[in-house]
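Enquirer: Protein sequence lines, in the order shown, are assigned to chains A and B.
Number 1435 marks the last residue of the first sequence (the working numbering); no jumps.
Number 1435 marks the last residue of the second sequence (the working numbering); no jumps.
Rather than coming from a laboratory, the hints here were simulated on the basis of the structure.
Please note that the accuracy of each hint is not assured.
Copies of the same chain look alike in the list, so a pair counts if it fits in one copy or across any two.
[To be verified] Distance condition first, Cα-Cα at most 27 Å in a straight line; then the derived BS3-like pairs of lysine-lysine:
| # | residue 1 | residue 2 |
| --- | --- | --- |
| 1 | Lys1433 | Lys1387 |
| 2 | Lys1433 | Lys1160 |
| 3 | Lys1335 | Lys1433 |
| 4 | Lys1433 | Lys1230 |
| 5 | Lys1069 | Lys1296 |
| 6 | Lys1160 | Lys1415 |
| 7 | Lys1335 | Lys1236 |
| 8 | Lys1432 | Lys1360 |
| 9 | Lys1425 | Lys1100 |
| 10 | Lys1100 | Lys1415 |
| 11 | Lys1069 | Lys1373 |
| 12 | Lys1065 | Lys1387 |
| 13 | Lys1350 | Lys1360 |
| 14 | Lys1432 | Lys1296 |
| 15 | Lys1415 | Lys1360 |
| 16 | Lys1400 | Lys1415 |
2 protein chains.
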Amino acid sequence: MFSEDLLAERTSNMGSSAIREILKVVSKPGVVSLAGGLPAPEAFPIELIRELTNIVLDKYPSQALQYGTTEGFMPLREELAKYLAKAGVPSNPESINITSGSQGALDSLGKILISEGDKIAVEAPTYLGAIQAFNPYGPEYMQMETDDNGLIPESLQEVLKNHSIKFIYLVPTFQNPTGRTLPLERRKKIAEIIKEYNVLLVEDDPYSALRFRGEAVPSIRSLAPDHVLYTSTFSKTFAPGLRIGYYVAPPLIRKWLVLAKQGVDLNTSTFNQAISAEYLAGGHIYRHIPEIVKLYQPRQEAMQEAMEKHFPDSITWTKPEGGMFIWASGPKGLDITPIYNEAIEKNVAFVPGRYFYTKEGDGLETMRLNFTMKGEQIIRDAIKTLGEVIKKNL
Amino acid sequence: MFSEDLLAERTSNMGSSAIREILKVVSKPGVVSLAGGLPAPEAFPIELIRELTNIVLDKYPSQALQYGTTEGFMPLREELAKYLAKAGVPSNPESINITSGSQGALDSLGKILISEGDKIAVEAPTYLGAIQAFNPYGPEYMQMETDDNGLIPESLQEVLKNHSIKFIYLVPTFQNPTGRTLPLERRKKIAEIIKEYNVLLVEDDPYSALRFRGEAVPSIRSLAPDHVLYTSTFSKTFAPGLRIGYYVAPPLIRKWLVLAKQGVDLNTSTFNQAISAEYLAGGHIYRHIPEIVKLYQPRQEAMQEAMEKHFPDSITWTKPEGGMFIWASGPKGLDITPIYNEAIEKNVAFVPGRYFYTKEGDGLETMRLNFTMKGEQIIRDAIKTLGEVIKKNL
């Protein structure tokens, strides 16, 4: 009846996600998928959620079941301000707004900031969900170089010197897809650079609470609060099914993000916001995160040990101190595609790393491996199989 | 730090909502507000939600707390297909997608269909939330004429004859703001017209289940399924705090709406979708809607009776058979603003109707009155006060 002619021009930027297609393929029975990016369902505090729901329905049912303000449920914003203070992220209840997952913040950000052709600086590789949120608004991506310590500050400076950049998008801690963390020294340099150029940096931080070892690193927001929008989520530390994210932003950006969100969903589920508020207020988050870490850490260690044992020397990989992903790279010139295809035949799946680059042809030699969804022995076996496939194809 | 120069061009279409400002003013203590558009909190089935939450956490906790597909939680889509069949809306589980409130459908629709300057046909007056969803994408609105029976089909035909229209947006039953319902004969004519012009019609239907008296009217979708996107919500029949909406759409539109939503929020809260699925599966909705009607009907009757008693003859108003609003109009040439201001001083609030028109200067003589949020006696007293203010200002 209707043809594609009906569609707005911007849909030409909105093609189907390749990863989505991959995840469909690998969800077939028998495949051990290291491709996903989901939290382990064993980590969901089911009985606690039952208890918190009861508290919410006793304490403020009329509010929790009603429409709420676009900015968010105030008891949650108040609890978040306390939580973020402990996590080293300066904020106050008024500067925190609630979103429908942190994806909601990224979409609204694209809507209020990106005019067709505007330039955004991103890491190479970067988080795919952000690209999907920004794409409909038609930006051009400027890739910045990274190494094992994440973004190289000089690359950021170079990009800012030569281009007019709308904002910088970064996942500085346990990055998706690489697991890399930007050290303090680099954060300080980056903070100075963004102040110097008076440019907005979006600090997307879903994973920093999932630290298995090592020392926490201060947020970039703590080093340049006027220039950083900090966003995070309860999806990795509580339950993604609640779709609760949040951000702390400079006043002008915040005002416009609220106006944008009003048109998108009026407000995020008040019910789920109230449950999340109780999760913080009761101190449950401080007891539950160690439980998640206890589950993920041995999985990550099992994966790393198996990689050391079964992967050939020409493959290198990150050794993240937390998060959900390990990133492996073959020698330059390698195309991982045949390895991916043969691995799938052998019932092991991962995501080819090229999908996380905004420039076509980059990252052909890389792969993202998730360690949160399977137990240690399954991970060891899958990595052994993968190592054999890699050796055969090198 | 940052100036408005940073913002995307589209923000010039996104000014703050005047109604939002009004609702802030009227929320001051002592004001009896007939301005809002919220369901009565007494209508929330608190204990049922507690029960359904327990069922969800017993039955499928891993699924309900995890990320889900962008299309929606399949048990909910299956239950909705059965529910919609009874309500006279043809669908199947695959053609139904879940959104974060029906606002989510409207935003994605704007994103995939509207290029800057595209024309959209809307009723005069129309639902403000739709305008807020569409505005960032830069459409031009073509107002269609209405009377006591809603949209005048000839006005639609006229607009389609003279303009290339991207889509038509309609609230055909118990419209917000007027409470008007389009009779079957007009629906048939409209269905023929949209088939003739091969144009998409968006049928926004949040209120039809809230019928106090009279006969249900078939959905426009039932008369032209290939040309109608039907959207509705649980906000008026269950609880708005869950933010669960849904739509049934032709395949091409549906495919692109899913792609758009993926960038906006990945998926709507699986937890709340599962609770809503159980609300339908247990047949609770069929028992609960009559409870809501039992609460709203006497409020609406009290308002209507008080208007008959206290409003001067020169004011006319709609007599809706359901929904949440009554629409009153003064003689042409009247400006309701001084009446609004004096009413606020006397602690009675409503929404001046002009905000529901896309053309500046239209509807100056109109007002929207909500009857769901206050008990009968409070409504009677407020209408008496308002009648006195109107008489004084005529």
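Enquirer: Now tell me, hint by hint, if it's right for this structure.
Expert: Status of each hint after checking the structure:
1. Lys1433 with Lys1387: within (13 Å within a copy, 84 Å between copies)
2. Lys1433 with Lys1160: neither (42 Å within a copy, 59 Å between copies)
3. Lys1335 with Lys1433: Classified as neither: same-chain Cα gap 35 Å, cross-chain 72 Å, threshold 27 Å.
4. Lys1433 with Lys1230: neither (43 Å within a copy, 68 Å between copies)
5. Lys1069 with Lys1296: Intra 45 Å, inter 22 Å, cutoff 27 Å: inter-copy only.
6. Lys1160 with Lys1415: For Lys1160 and Lys1415, the Cα distance exceeds 27 Å both inside one copy (39 Å) and across copies (51 Å).
7. Lys1335 with Lys1236: neither (39 Å within a copy, 60 Å between copies)
8. Lys1432 with Lys1360: Intra 21 Å, inter 77 Å, cutoff 27 Å: intra-copy only.
9. Lys1425 with Lys1100: Neither, since 52 Å and 36 Å both go past 27 Å.
10. Lys1100 with Lys1415: between (38 Å within a copy, 22 Å between copies)
11. Lys1069 with Lys1373: neither (32 Å within a copy, 66 Å between copies)
12. Lys1065 with Lys1387: within (17 Å within a copy, 61 Å between copies)
13. Lys1350 with Lys1360: within (15 Å within a copy, 78 Å between copies)
14. Lys1432 with Lys1296: neither (54 Å within a copy, 40 Å between copies)
15. Lys1415 with Lys1360: Within one copy, since 18 Å is at most 27 Å while 61 Å is not.
16. Lys1400 with Lys1415: Close neither inside one copy (31 Å) nor across copies (58 Å); limit 27 Å.
In summary, the structure is inconsistent with hints 2, 3, 4, 6, 7, 9, 11, 14 and 16 from the numbered list given earlier, while agreeing with the others.
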